[in-house]
Amino acid sequence: MKKRLISILLAATMVATTAAGCGSGGGSSDSADSAEGGENSITVLVESGSPAEALANETAADFEAETGCKVVVDAVAYAGMYDKLSTEIKSGEAAHDVACMDFVWLAAFADAIEPLTDADTSDFLPTLEESGTIDGNLLGYPMWTNCKILIYRKDIIPEDKVPTTWEEYKAVAEEYATDDMYGSTVFGSGSDAVCSYLDFACQAGAEGLVFDADGNVNVTSQPYVDAMNFMVEMADADYTPSDALATAATESQELFTNGKTAMQLNWSHQYPAAVEALGADKVGCAPMIAGSAGIGATTGPWYQCVMKNSANKDMALQYVEYMYDHNADYMDLTLKIAGRTSVYEEAGQESGNEHTTAVLETLEAAQAQPRPMVTTWAQIEETLIGVVESCLGGADVNETLEAAQAEIEAIGK
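FYI, in mature numbering (1 follows the signal peptide of the UniProt record, and there is no 0) the residues of the sequence shown are -19 to -1, 1 to 394.
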């Protein structure tokens, strides 16, 4: 498709995708700050509008019937959750017994979270034990994880042409682009751009994301150069939209469901949404593509954690175990993502849940890995957003990465 903006399509209202991946979401707050803890009550912090809020409310009565403990659900917008937790931790008073946390917060709050000493991690999805563990302490039960997979128009791209590598992906995108449809998209905006960049770095052979095994910043190493060159090449091609710097998961999904792109590398929860929009006969999915080091992806997990200062810690621990036992219930909610291998294996046998099989294969790859467990991730992410924006805007890749390396070294861990 010739380079042009499709601004009408992208002017639609953005939907929150925080719980599913890298971005920031929103929602109304139903504060429970004044709720008293104690023997017969626990307060649980969730992101408003997320599957966590829905399932917490759906299971509260059953948990109370089973244990005699009332569950008070405090639903807060994503943007306010970190600050709320930070404030209560600094005060030394736990307003929440249990908190649902984006894993990138775990390093900052590790000292305030009760480690899980007897958890059975054998059914955790691949990478989830690693991304939930700091200094040997498992800090929570996984609620769900997400990663990007290939989502494509199977009524346009035949099965034997579904790409599995970078070179095949570029070739298929070029072959199936028309005057009315792009071949693919490139994420150049915000947190989604960083996650995509790190996906490609995984595929190119990065060992440790941003930091290597010795704790040294590694963003000038060859995998990061190759990953950025791959993004730049696709962004400059006629088979992708010219406005990559304004494109992230939501915009790409809008293009796909409006018939304006033949395929995309997007968060797995976008697959069932695309099936609902276009029909199962038109949408297929496959594992993430492979670079020179094979399939790889970075992950977007959430964990349910017990706060160390909880006045009702034993019941809070019982609650997170209960919710982990009900992990399969997340598959009945909007995003259709969960945190247990057995849940994904069973769900993948049902039509419409093919994304779970693609996720399993992606996460089982050796190059699937979480973002770094550091307290300074928010600042580092801003630096990497700048890297993507600069390089897609025409800046020299090597010089930009050298500057970013120095900046991240100054930020520290």
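Do not take every clue at face value.
As the list claims (entries may be wrong) - Beta-carbon label-pair distances, calculated as ranges:
id : residue 1 : residue 2 : range
1  : Ala60     : Ala258    : 41 to 51 Å
2  : Ser332    : Lys142    : 34 to 44 Å
3  : Asp64     : Glu149    : 18 to 28 Å
4  : Ser323    : Glu149    : 31 to 41 Å
5  : Glu363    : Ala42     : 53 to 63 Å
6  : Val206    : Gln360    : 44 to 54 Å
7  : Lys394    : Asp262    : 43 to 53 Å
8  : Asp116    : Lys142    : 24 to 34 Å
9  : Ala42     : Ser103    : 43 to 53 Å
10 : Ser323    : Lys71     : 33 to 43 Å
Everything labelled a hint here was simulated from the structure, so no lab data went into it.
We put the beta carbon where it would ideally sit given N, CA and C, even for glycine.
The hints, checked one at a time:
1. Between Ala60 and Ala258 the beta carbons are some 28 Å apart, a value that contradicts the proposed interval 41 to 51 Å.
2. Ser332 and Lys142 have their C-beta atoms about 23 Å apart, which leaves the hinted 34 to 44 Å range violated.
3. Look at Asp64 against Glu149: about 44 Å separates their beta carbons, and that is not inside 18 to 28 Å.
4. Distance hint check: the CB atoms of Ser323 and Glu149 are about 32 Å apart, consistent with the given range 31 to 41 Å.
5. Distance hint check for Glu363 and Ala42: the Cβ-Cβ separation is about 42 Å, which falls outside the suggested range of 53 to 63 Å.
6. Restraint check, Val206 to Gln360: a C-beta distance of roughly 23 Å breaks the suggested window 44 to 54 Å.
7. With their beta carbons about 49 Å apart, Lys394 and Asp262 fall inside the hinted range of 43 to 53 Å.
8. Between Asp116 and Lys142 the beta carbon distance is about 47 Å. The supplied range of 24 to 34 Å is therefore violated.
9. Roughly 30 Å separates the CB atoms of Ala42 and Ser103, a value that falls outside the hinted 43 to 53 Å.
10. The supplied range of 33 to 43 Å is met by Ser323 and Lys71, whose beta-carbon atoms lie about 39 Å from each other.
Hint check: violations occur at hints 1, 2, 3, 5, 6, 8, 9; the rest are consistent with the structure.
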